[in-house]
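Asks: Each chain, letter by letter, is given below.
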Amino acid sequence: MPAKKLSQSALALWVRKLIETRRVVAPQAKAEHFAYAPLSQAEDLRLDHDVTILPPRKYLMPPSEVLLRFTRKDGYTSVIEHEPMILFGVHPYDVAAIAQADRYFLHDRPDIHYQTRRRSITIVASDVQNASEDVFAACLGTATVHDGFDVLLTRVGDAYVIESRTPAGDALLALAQDLQEADPVSLGRREQVWEDAQKLLRRQVLKCNPQELPALLDAAREHPVWEKRSQTCFSCGSCVTVCPSCFCFDVEDELDPDLQSGTRRRQWDACLLSGFAVVAGGHNFRKRREERYRHRFYRKAKYLPERFGFMGCVGCGRCVKACTAGIANPVEVYNTLLEGAS
Amino acid sequence: MMQTPASTTAEADADLYLPRPATVRSRTVLTATEMLFELAMDDGKPLGHMPGQFVEVSLPGIGEAPISVSSSPDGRDRFELVVRRAGRVTAAMHDCRMGERVGIRGPFGTHFPVDGVLRGRDVVFIAGGLGLAPLRSAIQYVLNHRKDYGRVTVLYGIKSPVERMFLDELDDWSRRPDMTFMETVDRADATWKGNVGVITRLIPAAEIDPKRSIVVACGPPIMYKFVIVSLYSIDVANEDIYVSLERRMKCGIGKCGHCQIGGLYACLEGPVFHYPVLLGVEEAI
Chain A
1 MPAKKLSQSA
11 LALWVRKLIE
21 TRRVVAPQAK
31 AEHFAYAPLS
41 QAEDLRLDHD
51 VTILPPRKYL
61 MPPSEVLLRF
71 TRKDGYTSVI
81 EHEPMILFGV
91 HPYDVAAIAQ
101 ADRYFLHDRP
111 DIHYQTRRRS
121 ITIVASDVQN
131 ASEDVFAACL
141 GTATVHDGFD
151 VLLTRVGDAY
161 VIESRTPAGD
171 ALLALAQDLQ
181 EADPVSLGRR
191 EQVWEDAQKL
201 LRRQVLKCNP
211 QELPALLDAA
221 REHPVWEKRS
231 QTCFSCGSCV
241 TVCPSCFCFD
251 VEDELDPDLQ
261 SGTRRRQWDA
271 CLLSGFAVVA
281 GGHNFRKRRE
291 ERYRHRFYRK
301 AKYLPERFGF
311 MGCVGCGRCV
321 KACTAGIANP
331 VEVYNTLLEG
341 AS
Chain B
1 MMQTPASTTA
11 EADADLYLPR
21 PATVRSRTVL
31 TATEMLFELA
41 MDDGKPLGHM
51 PGQFVEVSLP
61 GIGEAPISVS
71 SSPDGRDRFE
81 LVVRRAGRVT
91 AAMHDCRMGE
101 RVGIRGPFGT
111 HFPVDGVLRG
121 RDVVFIAGGL
131 GLAPLRSAIQ
141 YVLNHRKDYG
151 RVTVLYGIKS
161 PVERMFLDEL
171 DDWSRRPDMT
181 FMETVDRADA
191 TWKGNVGVIT
201 RLIPAAEIDP
211 KRSIVVACGP
221 PIMYKFVIVS
231 LYSIDVANED
241 IYVSLERRMK
251 CGIGKCGHCQ
261 IGGLYACLEG
271 PVFHYPVLLG
281 VEEAI
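Going line by line, the protein sequences match chains A and B.
Position one of the first sequence corresponds to residue 1 (my numbering), numbered consecutively onward.
Position one of the second sequence corresponds to residue 1 (my numbering), numbered consecutively onward.
Keep in mind that the hints were calculated from the coordinates and are not lab data.
Any given hint could turn out to be false.
Simulated crosslink set (SDA-like; lysine to any residue; CA at most 20 Å straight-line) [unchecked claim]:
hint, chain 1, residue 1, chain 2, residue 2
1, A, K287, B, I285
2, A, K73, B, M41
3, A, K287, B, I222
4, A, K287, B, T23
5, A, K287, B, M41
6, A, K300, B, I222
7, A, K300, B, A284
8, A, K73, B, T23
9, A, K287, B, E169
10, A, K287, B, G87
11, A, K300, B, T23
12, A, K300, B, G87
I would like the entire structure built from these sequences, with the hints used as guidance.
Replies: Given below as structure tokens:
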């Protein structure tokens with residue numbers, strides 16, 4: 001469907017209509033910050049947010065999710081939870097991270113739990129209006145996106161250019177009133193927004209092309225940066241919790257009070273936590289903080305690119321803020337390695 | 001406004017996390033901490049594994065644990081697992097009686113190349129401690145197809161005589177004219193009349209022909225460091241070594257991230273690795 005144009009007031013009406021018919025989850029103010037939450041009124045929508053505390057990953061892969069139900073007598077049954085919803089106002093770097101999760105969970109043998117949730121989610125992406133201070137998405141090619149969403153909203157002055165890419169997106173647009181054809185001036189301004197995003201989302205500068213990172217890391221295993229920076233690591237996993245490109249999980253059984261039935265759940269896990277690589281009997285294959293800290297960067301900038309073709313980082317900068325010790329900033333890590341390499 | 005999460009319960013054939021029911025057919029105490037379980041899938045079909053592969057064993061309300069299959073697949077509907085009492089799931093497993101039901105996912109991972117490069121070669125099995133459990137599957141397979149292989153040697157090392165498993169089989173192996181079996185204990189007790197010392201001591205004595213042999217090793221992490229060096233000293237090439245590595249294989253399907261060894265997944269590229277693949281992978285051994 002060709003791009004359309006919506007006035008601010010028409011956008012608000014459309015969002016109201018969407019809320020009436022569907023569950024809508026969108027960025028809203030939360031104290032000094034922004035967070036994704038179910039939207040109950042259009043006025044709470046903050047398309048001007050810089051970054052949300054947690055990425056929308058929590059809706060695609062909830063912090064705790066039921067995989068199976070069991071009874072001691074009858075064994076296990078699959079539980080496929082899903083929650084039809086519109087993820088509204090998703091920034092391009094987060095759209096890119098969702099595409100990564102799709103590849104991660106759906107390649108080879110698809111994970112049906114992720115797949116079912118993913119299929120019931122419609123994504124309304126939104127180009128960034130305000131940049132967060134740690135963002136470096138432009139360095140990783142995720143300041144703008146041209147696929148991976150159903151609808152894209154771009155603010156052009158007092159109006160929005162809106163474009164659907166999928167039948168699910170078309171169905172959402174069908175609920176909008178006062179849709180106009182996007183005029184060449186508005187489309188030109190949208191091009192300008194995309195161009196500006198390359199500067200706007202470059203608050204930090206990675207001093208190399210991300211494609212060079214696997215080779216850089218190949219030679220950096222013994223680099224002092226790992227030991228030095230990880231000295232103050234609390235092994236708290238906050239960097240992982242806020243990361244849109246972290247997918248690791250643990251699986252645990254939970255018994256009902258009758259002790260006869262219960263659920264098997266998966267929970268977010270973090271390779272920074274001290275017990276992540278412990279095997280039965282107690283041997284820990286990544287015992288030292290330094291090893292865990294280093295593993296995270298290797299997974300993101302070497303192992304995932306080599307296996308799946310994407311870097312496990314979209315430059316959102318959330319880990320920079322989340323890290324109490326102030327050591328998580330990937331740009332600082334990679335640039336330090338580059339200094340040594342040159 | 002829809003605010004209630006929708007949820008469906010379904011029999012999902014495609015659910016990679018759904019265990020299939022299996023029943024305990026027999027159990028045998030092997031040592032103070034190891035128990036052998038013979039299991040059969042409730043659908044009556046064989047497990048369909050190859051030697052060296054593992055399964056995820058589920059106990060409702062307790063959880064899931066990765067366990068290597070310890071029996072050869074040859075034409076049997078039943079399969080065996082050696083379970084060491086080491087954590088929550090394995091402790092609960094030890095309480096499972098005959099006729100009780102467990103959940104099984106798998107088999108997962110790579111296998112010892114018994115149907116490939118091992119054919120026609122001398123085969124040297126090096127088992128350290130509980131490493132005998134997965135290797136036993138391959139040893140049985142090789143002995144069941146004895147004519148397909150050259151000389152067969154099994155080297156077995158354990159800490160103390162009370163940890164010896166499969167005493168009847170060890171006895172059988174030591175008597176068979178078509179194979180060499182050698183064992184050693186780190187610390188002898190009053191009953192022990194055999195070799196004393198670490199497993200690497202057996203390697204020079206085993207008369208391994210480095211040109212004809214493939215070495216297949218399984219044991220605790222510390223064992224590999226010394227065994228590999230010892231194999232180099234008798235000119236065994238990296239290309240002729242296979243090892244099986246233990247990690248926390250939580251999902252078995254390359255998704256949960258727990259068993260990563262550098263960029264490798266123990267559940268996908270392992271647990272059986274061709275040794276050259278591990279060269280330069282710092283976390284491997």
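Asks: Confirm or reject each hint.
Replies: Going through the hints against the structure:
1. Distance check on the hinted pair: K287 (chain A) and I285 (chain B) sit about 14 Å apart at the alpha-carbon level, within 20 Å; holds.
2. Straight-line distance between C-alpha atoms of K73 (chain A) and M41 (chain B) comes to about 16 Å, which keeps the hinted pair within the 20 Å bound.
3. A distance of roughly 15 Å separates the Cα atoms of K287 (chain A) and I222 (chain B); the hinted pair therefore holds under the 20 Å criterion.
4. Restraint check: the Cα-Cα separation between K287 (chain A) and T23 (chain B) comes to about 37 Å, which exceeds 20 Å; the hinted pair is violated.
5. The straight-line distance between the Cα atoms of K287 (chain A) and M41 (chain B) is roughly 38 Å, outside the 20 Å bound, and the hint therefore fails.
6. Taken as a hint, the K300 (chain A) and I222 (chain B) pair is broken in the structure, with Cα atoms around 29 Å apart against an allowance of 20 Å.
7. A C-alpha spacing of about 19 Å is found between K300 (chain A) and A284 (chain B), which places the hinted pair at or below 20 Å, so the restraint holds.
8. The hinted pair formed by K73 (chain A) and T23 (chain B) meets the criterion: a straight-line CA distance of about 13 Å does not exceed 20 Å.
9. Taking the CA atoms of K287 (chain A) and E169 (chain B), the gap is near 37 Å; set against the 20 Å cutoff, the hint is violated.
10. For the given pair, K287 (chain A) sits about 19 Å from G87 (chain B) by alpha-carbon distance, which is consistent with the 20 Å threshold.
11. With a C-alpha separation of about 42 Å, the suggested pair K300 (chain A) and T23 (chain B) falls outside the 20 Å cut-off, and the hint is violated.
12. Simply put, K300 (chain A) and G87 (chain B) have alpha-carbon atoms about 31 Å apart, too far for the 20 Å limit, and the pair is violated.
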